[in-house]
Amino acid sequence: MNAPLSIIRGTAHRLGDDINTDLHCSAKYNIGKPIEWLAQHAFEQLAPGFAAAIRPGDVIVAGKDFGINSSREQAVHVLRAMGVAAVVARSFGRQFYRNAINNGLPIAECEVSAIEQGDAIEVDVAGGRIEVPSRGLRAEVPRLPPAVLALVAAGGLLPYLREHPDWGLPAA
Amino acid sequence: MGQTIAEKILGAHSGGAPVKAGDVVVATVDFAMVHDARAANALKAIDSLGLAQLPHARNTAFVLDHFSPPPTREAANVHAAMRAFCERTGAVLYDVGDGICHQVLPENGHLTAGDLVVGTDTHSTTYGAFNAYGTGHEGSDVAAILATGRTWFRVPETIRVDMPGRLTPGVWAKDVTLAMLGRLGAEGANFRVIEYAGSAVAAMDIDDRMTLANHAAELGAEAAILECDEKTVAWLAAHGARAPRPVAADADARYVDRFTLDASTLAPKVAHNHDIGDVVDVTALAGEPVQVALIGTCTNGRLDDIRQAASILRGRRIARGVRLVITPASRAIYLAAMREGLIEALTEAGASVDPAGCGTCVGITHKLMAADRERVISSANRNFKGRLGNPDSDILIASSATVAASALTGRVTDPREIAADIRAAA
Ligand code: SF4
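Protein sequence lines, in the order shown, are assigned to chains A and B.
Heads up: the first sequence is residues 1 to 172, going by my numbering.
Heads up: the second sequence is residues 1 to 426, going by my numbering.
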């Protein structure tokens with residue numbers, strides 16, 4: 001078994017609704033740019049200096065449909081290269097949701113309106129809980145099912161498959 | 001409790017126990033598809049597994065359609081890698097000029113009713129026209145499917161759209177989707193499955209049903225699934241598909257949203273302003289000049305589309321200064337159009353015909369470069385700024401009939417008017 005996912009504690013960085021990750025953190029529209037360059041410039045049209053403010057272990061908090069449109073796996077690689085430890089959003093674009101899990105990025109669906117830029121946030125995807133202890137905010141969120149948690153804990157779908165010589169996927 | 005079509009298909013592919021929206025299942029995939037624009041990523045993911053054998057490769061097709069023929073050395077190298085992979089693993093190859101993935105899969109009998117199909121492309125929803133659950137995933141999933149035959153799914157919620165009545169002449173499935181986009185907005189059905197049902201859907205031919213399922217990608221849909229009827233069964237049999245396993249929704253299935261769209265009331269529609277969700281009736285834009293007209297893509301490059309264009313343009317000539325490009329969705333469609341004399345009629349009318357494939361859809365292969373402030377009218381599926389290479393030209397999205405009528409006059413034109421002119425002249 002993989003180690004259980006630990007609780008993530010970091011600073012919340014706010015973004016709005018309908019963030020298109022193809023546009024803001026993949027090479028689809030920045031052809032030929034390496035991951036490191038993309039990681040330094042991600043989301044800068046939406047929030048100048050956004051990437052520079054992220055410390056490893058921080059959390060992006062966004063509105064509805066984060067990662068909408070035909071999102072690329074690379075967007076998740078860029079988020080990880082930025083040091084983003086988790087994304088909390090009201091909802092996710094369907095392909096981003098898969099890409100995050102398939103590439104080992106913890107995500108949680110949560111009503112986010114009370115969370116503010118700079119909040120010290122705790123994200124417990126295994127326990128189904130989001131908290132901002134300093135302000136007494138606490139929300140229960142849908143727990144990621146065991147099948148999905150195992151993929152995230154392993155670092156993604158392919159690392160999971162490499163660790164399991166029978167190529168079996170975890171039971172839902 | 002009743003189940004939707006998506007719940008039934010995912011349940012049947014993950015051990016048979018009933019599943020409901022929100023559940024996560026690991027499901028066996030019947031067929032997978034990788035196209036050239038995502039092949040580099042998919043092959044890298046497959047390689048990273050380091051497997052000597054890929055037992056499920058035979059249930060996968062690799063399709064060379066986006067760069068067909070390849071415009072760059074990089075694209076040609078991706079094609080070479082795809083050919084070598086198919087040679088080594090037994091995966092099915094469709095080469096340059098064979099057609100667009102979403103057309104060649106059903107045409108070659110790779111899927112049937114009740115199937116679960118995954119492709120590396122958002123328009124994999126097309127397979128829903130055949131009562132299959134078709135959806136788009138990325139390279140990691142495809143690697144998992146080639147290695148294990150399975151991947152995981154979060155069972156989606158479903159929107160039910162009941163369509164009584166019948167589309168009137170000059171109105172097509174394209175206009176239905178544009179009406180849906182006007183109502184829900186671009187990506188307005190994100191992560192959801194759409195079930196289209198009712199007499200208007202039953203009356204549609206398979207080509208139009210494919211448009212309906214395909215174009216749900218612009219609504220952000222996970223899949224769009226139609227019911228299986230005699231037309232579906234006959235088409236599948238004629239294309240050598242496996243025996244259908246039709247799946248219908250239960251009367252008491254749980255939907256996240258359900259509404260009625262009366263087909264008889266719909267008019268031809270146009271999306272504009274670089275937003276596929278900004279939709280108006282064609283009459284609202286009638287008379288606006290257009291300079292570039294495009295008929296093709298996985299959304300509207302089928303035989304019915306080419307027939308619509310030919311019925312409007314046969315024996316006539318497109319307006320001065322207009323460039324009309326037609327791209328058949330597959331080699332089979334190209335040949336059929338040729339044998340019916342449609343290619344000849346359209347070429348005489350002033351159209352250029354591309355080899356089968358994605359053609360001008362993305363401004364990467366053949367740049368369909370419009371001049372600054374020129375307007376494009378296209379039967380494709382996306383109109384975001386710069387999709388065709390020039391961010392300073394608006395792209396109007398409309399049915400093939402509306403595109404052909406507009407190419408004829410050089411202005412946005414309601415195809416029903418041209419049809420009336422043709423009847424009057426006859
Ligand atoms: S025709 Fe256009 S939308 Fe369809 S698969 Fe090709 S590039 Fe994508």
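To be clear, the hints were calculated from the coordinates, so they are not data collected in a lab.
Note that the structure is predicted; figures quoted are calculated from it, not measured.
There's no promise every hint is true.
With a straight-line Cα cutoff of 30 angstroms, these simulated DSSO-like cross-link-like pairs (lysine-lysine) come out [claimed, not checked]:
id, chain 1, residue 1, chain 2, residue 2
1, A, K28, B, K20
2, B, K20, A, K33
3, A, K33, A, K64
4, B, K231, A, K28
5, A, K28, A, K64
6, A, K33, B, K44
7, A, K64, B, K231
8, B, K385, A, K64
To see whether the hints hold, each was checked on the structure:
Between the alpha carbons of K28 (chain A) and K20 (chain B) the distance comes to roughly 35 angstroms, so the proposed pair goes past 30 angstroms and is violated. Distance hint between K20 (chain B) and K33 (chain A) is unfulfilled; the C-alpha atoms sit about 42 angstroms from each other, more than 30 angstroms. In summary, the hint linking K33 (chain A) to K64 (chain A) is supported, as the alpha carbons are separated by about 28 angstroms, within the 30 angstroms threshold. Using a Cα cut-off of 30 angstroms, the hinted pair K231 (chain B) and K28 (chain A) is violated, with the two alpha carbons roughly 40 angstroms apart.
Under the criterion of a C-alpha separation no larger than 30 angstroms, the hint pairing K28 (chain A) with K64 (chain A) is consistent with the structure, at around 22 angstroms. Taking the CA atoms of K33 (chain A) and K44 (chain B), the gap is about 18 angstroms. The hint holds against a cut of 30 angstroms. A hinted pair counts as satisfied when its Cα atoms are at most 30 angstroms apart, and K64 (chain A) with K231 (chain B) does not qualify at roughly 40 angstroms. This hinted pair checks out: K385 (chain B) and K64 (chain A) have alpha carbons roughly 23 angstroms apart, not beyond 30 angstroms.
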